[in-house]
Amino acid sequence: MSTDGFDIDRPWQVDPRVSMRPEPFGALLYHFGTRRLSFLKNQRVLAVVRSLADHPSARAACAAAGVSEAELPVYARALATLADSKMISERTVA
Amino acid sequence: MTLTHDMAPAGPSAAPGKLTDLFQLGLDAPICLTWELTYACNLSCVHCLSSSGRRDPRELSTAECMAVIDTLERMQVFYVNIGGGEPTVRPDFWELVDYATAHHVGVKFSTNGVKLDPAAAARLAASDYVDVQISLDGATAAVNDAVRGPGSYATAMRAMQNLRDAGFEGFKLSVVMTRQNIPQLDQFKAIADRFGAQLRLTRLRPSGRGADVWHDLHPLPEQQRLLYDWLVAHGEQVLTGDSFFHLSAYGSALPGLNLCGAGRVVCLIDPVGDVYACPFAIHSEFLAGNVRDAGGFETVWKTSPLFASLRAPDTGGACRSCGFYDSCRGGCMAAKFFTGLPLDGPDPECVQGYGSAALAAVSGATPKPSVDHSHRKVPVTIGRRRPPSKDCDENPLAGFTALRLLRCGAHTSPSHALHLGP
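Residue numbers (numbering that gives the first Met the number 0), protein chains in the order written: chain A, 0 to 93; chain B, 0 to 421.
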């Protein structure tokens with residue numbers, strides 16, 4: 000599954016220049032490079048994003064956070080949005 | 000105050016309703032805030048929203064500023080919009096900028112450019128965590144200097160050239176929209192493009208000294224329409240700090256949250272540590288506390304009764320029956336307050352025309368700023384006009400210039416706008 004620059008089977012991470020602040024509704028993200036603000040609308044997408052760097056792929060991060068197959072397309076779209084705005088970036092695996 | 004020009008939501012929504020509804024109720028910490036570091040300024044802009052000029056002897060010390068930054072870091076405030084006064088005239092300005100960025104608090108500062116020499120520009124270009132806004136209120140020296148003072152156009156242009164030469168891309172060219180400069184929109188865009196800057200347009204507020212010139216400077220109704228159409232045509236290329244959400248009642252909403260963030264997601268810390276709901280509302284009515292109080296800024300943000308009241312669901316008051324209320328949310332609190340209008344009624348520049356009717360009904364004096372640090376002028380007998388100079392006679396803004404000489408005689412402060420979207 001891939002949407003433009005986002006491939007769910009690749010390893011991802013929160014961009015190092017992004018600051019993430021938990022909020023009751025999810026989280027706010029601020030990118031110091033693009034100076035853009037974004038937000039995560041629920042706790043599960045926050046759990047996915049937070050754990051991206053710990054998994055070999057975004058798909059694995061979603062699965063670990065309890066995202067079902069049926070829900071996956073919605074989460075993939077959310078991650079693609081974050082990739083578009085450079086909030087998350089592809090990780091180079093050594 | 001405006002919040003964020005560019006917010007992209009991500010993820011399925013667990014919460015019912017829109018994010019703006021959540022923001023309406025306030026956050027545990029501001030997203031960003033405006034911090035006027037000093038009331039001192041080399042200029043005396045006629046519309047200065049903080050009535051700046053002279054340094055206040057009670058100004059926060061370097062150590063006190065650093066303690067505020069520590070608090071902001073702990074609260075995870077993403078960035079501060081530093082202004083003044085002219086913030087770069089503080090001798091510890093660069094030290095404070097470095098301290099903030101080292102503590103994960105991003106900095107955007109507004110300046111008239113007076114200290115942005117090639118060395119300062121090079122230093123700024125090297126940092127990812129500092130952004131700069133150069134204030135310019137006319138695309139020509141004639142229009143700009145009439146508002147910001149003689150020589151201020153040249154100063155701003157020199158600063159932008161220095162930033163360009165240092166390789167700083169995407170700094171902001173910040174313009175307060177007035178009756179005189181709205182015809183120059185395309186010229187401003189050309190200037191920004193020439194320097195590799197991004198254009199940022201903000202609303203003139205009747206705050207500070209702005210109250211004295213608002214009636215002569217604020218855009219005419221047909222200019223508001225022109226501005227709205229221009230903003231719609233330029234979309235996200237042009238920033239507005241969410242300044243113009245009152246214009247959304249013309250039709251589709253402009254990019255941004257279109258929400259007054261005052262006390263909800265933004266606020267102001269002034270040079271002496273006073274915390275106000277909004278940078279355009281330096282008045283005791285909107286004073287929530289002081290960072291020197293026990294508990295500091297965090298306690299003010301979390302426990303101020305004023306902020307609690309601003310976070311309460313608003314009823315819309317007299318605007319509730321208007322079909323456009325969901326677009327404009329009644330407009331700008333500060334604009335209403337300083338023109339003597341009730342806070343739960345229409346904005347003085349309501350595009351549906353309710354503002355002008357309300358203004359006509361205002362009787363008596365309008366609220367005056369509680370603090371005024373304007374440069375002292377040579378005492379002038381009230382009502383005695385200086386003879387117009389030849390320059391004034393020939394200036395297309397002659398009437399306006401004469402007004403400035405009468406009132407002010409001096410020069411500027413950066414006005415930047417925060418809204419939810421600095």
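Some hints could be false.
Among the chain A residues that face chain B by a calculated CB cut under 8 Å, a handful are [claimed, not checked]:
id : residue
1  : 7
2  : 9
3  : 15
4  : 18
5  : 27
6  : 31
If you're looking for bench data, these hints aren't it; they were derived computationally from the structure.
Cβ atoms here follow ideal geometry from the backbone N, Cα and C, with glycine treated the same way.
Cross-check of the supplied hints:
{"no.": "1", "hint": "7", "in the structure": "14 Å, violated"}
{"no.": "2", "hint": "9", "in the structure": "18 Å, violated"}
{"no.": "3", "hint": "15", "in the structure": "10 Å, violated"}
{"no.": "4", "hint": "18", "in the structure": "6 Å, holds"}
{"no.": "5", "hint": "27", "in the structure": "7 Å, holds"}
{"no.": "6", "hint": "31", "in the structure": "5 Å, holds"}
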